[in-house]
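Novice: Fit chain Z to the supplied structure of chain X, relying on the hints for placement.
Protein chains: 2
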Amino acid sequence: MKTLTKKSVSRRNFLTGTATIAGLAAASSALPISVANANHTETTDKLPDFIKWKKRSALIVHSSKTMETHRTEIGSSLITPIRHIYVRNNLPSLTDEQIGNRKDWKVSVAGVKNPKTFTLAELQTLGQTTIATVLQCSGNGRGWFPHKPSGSQWQTGAAACVLWTGVPVETVIKACGGLAKGAKYMTSTGGDAPKNLDPKKATMERSIPLKAHKDAILAWEMNGVDIPNAHGGPVRAVTPGYFGVNNVKHLIKLDFTAKESSVKYMKSSYRISPLGKKGSQYPSCWEMPVKSWVTSPSQDGKVKSGKVVISGVAFGGTKKLSNVKVSLDFGKTWKTAKLVGPDLGKYAWRQFVYETTLKPGFYNVATKASAGGKSQPELRMDNRRGYAHNGWKDHSISLDVV
Amino acid sequence: MKTLTKKSVSRRNFLTGTATIAGLAAASSALPISVANANHTETTDKLPDFIKWKKRSALIVHSSKTMETHRTEIGSSLITPIRHIYVRNNLPSLTDEQIGNRKDWKVSVAGVKNPKTFTLAELQTLGQTTIATVLQCSGNGRGWFPHKPSGSQWQTGAAACVLWTGVPVETVIKACGGLAKGAKYMTSTGGDAPKNLDPKKATMERSIPLKAHKDAILAWEMNGVDIPNAHGGPVRAVTPGYFGVNNVKHLIKLDFTAKESSVKYMKSSYRISPLGKKGSQYPSCWEMPVKSWVTSPSQDGKVKSGKVVISGVAFGGTKKLSNVKVSLDFGKTWKTAKLVGPDLGKYAWRQFVYETTLKPGFYNVATKASAGGKSQPELRMDNRRGYAHNGWKDHSISLDVV
Numbered sequence: 001m002k003t004l005t006k007k008s009v010s011r012r013n014f015l016t017g018t019a020t021i022a023g024l025a026a027a028s029s030a031l032p033i034s035v036a037n038a039n040h041t042e043t044t045d046k047l048p049d050f051i052k053w054k055k056r057s058a059l060i061v062h063s064s065k066t067m068e069t070h071r072t073e074i075g076s077s078l079i080t081p082i083r084h085i086y087v088r089n090n091l092p093s094l095t096d097e098q099i100g101n102r103k104d105w106k107v108s109v110a111g112v113k114n115p116k117t118f119t120l121a122e123l124q125t126l127g128q129t130t131i132a133t134v135l136q137c138s139g140n141g142r143g144w145f146p147h148k149p150s151g152s153q154w155q156t157g158a159a160a161c162v163l164w165t166g167v168p169v170e171t172v173i174k175a176c177g178g179l180a181k182g183a184k185y186m187t188s189t190g191g192d193a194p195k196n197l198d199p200k201k202a203t204m205e206r207s208i209p210l211k212a213h214k215d216a217i218l219a220w221e222m223n224g225v226d227i228p229n230a231h232g233g234p235v236r237a238v239t240p241g242y243f244g245v246n247n248v249k250h251l252i253k254l255d256f257t258a259k260e261s262s263v264k265y266m267k268s269s270y271r272i273s274p275l276g277k278k279g280s281q282y283p284s285c286w287e288m289p290v291k292s293w294v295t296s297p298s299q300d301g302k303v304k305s306g307k308v309v310i311s312g313v314a315f316g317g318t319k320k321l322s323n324v325k326v327s328l329d330f331g332k333t334w335k336t337a338k339l340v341g342p343d344l345g346k347y348a349w350r351q352f353v354y355e356t357t358l359k360p361g362f363y364n365v366a367t368k369a370s371a372g373g374k375s376q377p378e379l380r381m382d383n384r385r386g387y388a389h390n391g392w393k394d395h396s397i398s399l400d401v402v
Numbered sequence: 403m404k405t406l407t408k409k410s411v412s413r414r415n416f417l418t419g420t421a422t423i424a425g426l427a428a429a430s431s432a433l434p435i436s437v438a439n440a441n442h443t444e445t446t447d448k449l450p451d452f453i454k455w456k457k458r459s460a461l462i463v464h465s466s467k468t469m470e471t472h473r474t475e476i477g478s479s480l481i482t483p484i485r486h487i488y489v490r491n492n493l494p495s496l497t498d499e500q501i502g503n504r505k506d507w508k509v510s511v512a513g514v515k516n517p518k519t520f521t522l523a524e525l526q527t528l529g530q531t532t533i534a535t536v537l538q539c540s541g542n543g544r545g546w547f548p549h550k551p552s553g554s555q556w557q558t559g560a561a562a563c564v565l566w567t568g569v570p571v572e573t574v575i576k577a578c579g580g581l582a583k584g585a586k587y588m589t590s591t592g593g594d595a596p597k598n599l600d601p602k603k604a605t606m607e608r609s610i611p612l613k614a615h616k617d618a619i620l621a622w623e624m625n626g627v628d629i630p631n632a633h634g635g636p637v638r639a640v641t642p643g644y645f646g647v648n649n650v651k652h653l654i655k656l657d658f659t660a661k662e663s664s665v666k667y668m669k670s671s672y673r674i675s676p677l678g679k680k681g682s683q684y685p686s687c688w689e690m691p692v693k694s695w696v697t698s699p700s701q702d703g704k705v706k707s708g709k710v711v712i713s714g715v716a717f718g719g720t721k722k723l724s725n726v727k728v729s730l731d732f733g734k735t736w737k738t739a740k741l742v743g744p745d746l747g748k749y750a751w752r753q754f755v756y757e758t759t760l761k762p763g764f765y766n767v768a769t770k771a772s773a774g775g776k777s778q779p780e781l782r783m784d785n786r787r788g789y790a791h792n793g794w795k796d797h798s799i800s801l802d803v804v
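Protein sequences, first through last, are from chains X and Z.
Note that the first sequence covers residues 1 to 402 in this note's numbering.
Note that the second sequence covers residues 403 to 804 in this note's numbering.
Next up, chain X with everything else stripped away, as it sits in the complex:
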């Protein structure tokens, strides 16, 4: 276990522009905090102020602003408790002071026939719906890439299933007279870029294919509460089926553009490139591939022989989940698991349960989900930054049945 030393780059320095972009990963909190791997050995140090309301014991702390949820701590009740949800921010979360009155928060809408700026209060008069989506970091599973890509070494826990309430993007477009001609992308801009830095480098702006706007919403609520600052309130673009980074936090602009944004976070970051290569010609982290993993039992403990219930979660990204299979013999044979609990729609995960009887011994428990005609691969698509891991082998667990 190693301990981060207290950072000299405080958020105040950062926001007045004395920090560089390269310093971003280290900034945001002046609190010293212990860091650990995923084997539950981290200390119970306090969490940084901006997420002090989270449940410390549910989280694995990778750095002062990246925390993943323990595999067993997403719960078995479909929706991840908000205090357990992972934290991953490229930029320091805005503070209450920076946000001001939430109802006055402004989102401008462009690429429409009648461009307008809406306050949150105005957005709330346009319409309201609730959707459930899997929110997952592009790098979830990075910890298992054999070439050890840089970045947080997530295993399963940079993912959550969340209920979002907000206004459908379609409704917002209608209130602006419809789309302007030539729109090919929905481009969302966050308001968390430090003002004195080059906007091309510091602005979190993401473009996704236009078709993805149909199920997208501009959300102000998350699991029944105003979206916390750490998760991008007062308004966040929620882009169902697309990796977390596309769900732009602290949303200040929604645009429908002919081209992809040219900021760094779109052009060069979050590209799935071969080992040793990079560039904007490679695919962006957009649609999430089909994926599943076991959440219970924990591989940390021993399981009593006899009847055993193995449960977990599975989702199809933008495709409806077809099935989940379970193997107890390193993928030689597979049996179909039961899908249980409410079906919150294709963008949410489903819970699966596999009931079996086990004799004492060590078992490897692997799960393989299918959606839209595709199944999880055994390994992964190797790529420079370790994105989009959905291989079933690395996600399998060892069970010690006694």
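One should not assume that every hint holds.
[What the hints assert, rightly or not] Far from chain Z, by Cβ distances over 12 Å, these chain X residues were calculated: (1) Ile99; (2) His147; (3) Gly182; (4) Asn196; (5) Lys211; (6) Asp255; (7) Leu344.
[As the list claims (entries may be wrong)] Covered, in the sense of this in silico footprint (three residues per stretch, anywhere, with C-beta under 8 Å from a C-beta of chain X), are these stretches of chain Z: (8) 524-533; (9) 538-545; (10) 621-634; (11) 738-744.
[Unchecked claim] Once the Cα atoms are required to be at most 27 Å apart in a straight line, the calculated BS3-like pairs of lysine-lysine come out as: (12) Lys46(X) x Lys448(Z); (13) Lys448(Z) x Lys359(X); (14) Lys508(Z) x Lys307(X).
By construction, these hints were calculated from the structure, which means they are not laboratory data.
Here a beta-carbon is modelled for each residue, glycine too, at the ideal position from N, C-alpha and C.
Specialist: Then chain Z, alone, in the frame of chain X:
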């Protein structure tokens, strides 16, 4: 606003038997706490220890152990955040010390071919599912009965929509060889009765018609976390569509009986009797009737004229919700609201949205839900203790549009 004085009957005294049943309502917490009505004027005093993790500002405190959720604080995201969920316990919640190791908590099963006692760990090897239900106190809405029945003066907030995870009762019965002959009721017993008191008076035991067991579960998780003590962990009987009291907390026994339990909480309490009458010949608080109410906007504030989104929740008890209608003119005319968000099944509530354009003025906003061929009545079924209020008139709100 009035303030309860510090109670001399501490839980310790209570549990050693020096308190009487009559003292139950006053016991459970030694904390002084302010009490208020539903008009948001209560103080921000701390909550009692057993629910200190709740969000104080989301709750209206009626007594030291009854708190309802503010009308606007159930959130707009379908599932009520656990920190906002109402608190209502006939008996003091068991403490961690009383419960001990949760996995060792025992539930005996009788009225089956092979009666057995299961630990929680054993129940968890039998099977697992998740269901969403409306959890609602029988007395929710009591605050509007004109004859001022005794008991907590709930308005809308003794209700929540909750995700529960546990083992289906059907699965437990199967593990016990099936039902014994003659079973007509599912009878659940809680372990929170103080040991030195007359079990007939102090035991929380509830019988419901046998058919209701088909969708019931023995739950150990609530909204993704172990069921908190205040909500009846480690194991709670969840009886979908039936009033809260039937969802027995701290479950120690599940029985399938030929007769209804003869304890006070079944025989005489929770009976829907005419004004001035009581007795076991009157209907028990079992199935919840169809009901709906507005949750946003709040009637405490002013709403800007122009486009307005009115939203709320509606449910059909044991029946699937058919529709929700909205009236802005004291029930003279009704328009159909949109049902939005995921459908979690007939036992959950659905969110409804009614989009309209309003000129300045005062409006009465009433909602009327229908399910199973029945609609909410205008008034209510008057009854001695003020149970099962589902009249649309009392549940309507006033809107001040400026």
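Novice: Hint by hint, note whether the structure agrees.
Specialist: Going down the list of hints, with the structure as the test:
The beta carbon of Ile99(X) is kept farther than 12 Å from every beta carbon of chain Z, the shortest such distance being approximately 19 Å. A cut-off of 12 Å between C-beta atoms confirms that His147(X) is not in contact with chain Z; the least separation is 35 Å. Distance check for Gly182(X) against chain Z: the nearest CB is about 29 Å away, which clears 12 Å, and the non-interface claim stands. The beta carbon of Asn196(X) is kept farther than 12 Å from every beta carbon of chain Z, the shortest such distance being approximately 36 Å.
The beta carbon of Lys211(X) sits about 22 Å from the closest Cβ of chain Z, which is more than 12 Å, so the claim that it is off the interface holds. Every C-beta of chain Z lies more than 12 Å from that of Asp255(X), the closest at about 23 Å, which supports listing it as non-interface. Listed as outside the interface, Leu344(X) is inconsistent with that label: its C-beta sits roughly 5 Å from the nearest C-beta of chain Z, within the 12 Å cut-off. Counting residues of the stretch 524-533 of chain Z whose beta carbon lies closer than 8 Å to any beta carbon of chain X gives 8, which meets the minimum of three for the stated coverage.
Here's how the stretch 538-545 of chain Z fares: 0 of its residues keep a CB closer than 8 Å to some CB of chain X, so the rule of at least three is not met and the hint is violated. Counting residues of the stretch 621-634 of chain Z whose CB lies closer than 8 Å to any CB of chain X gives 5, which reaches the minimum of 3, so the coverage claim holds. Coverage of the stretch 738-744 of chain Z by chain X holds. Counting CB-CB distances below 8 Å, 3 residues qualify, and the rule asks for three or more. Of the pairs offered as hints, the one joining Lys46(X) and Lys448(Z) holds, with about 23 Å between alpha carbons and a cut-off of 27 Å not exceeded.
Between Lys448(Z) and Lys359(X) the alpha-carbon distance is near 51 Å, which puts this suggested pair outside the 27 Å criterion. Taking the CA atoms of Lys508(Z) and Lys307(X), the gap is near 18 Å; set against the 27 Å cutoff, the hint holds.
Comparing the model with each numbered hint stated earlier shows that hints 7, 9 and 13 do not hold.
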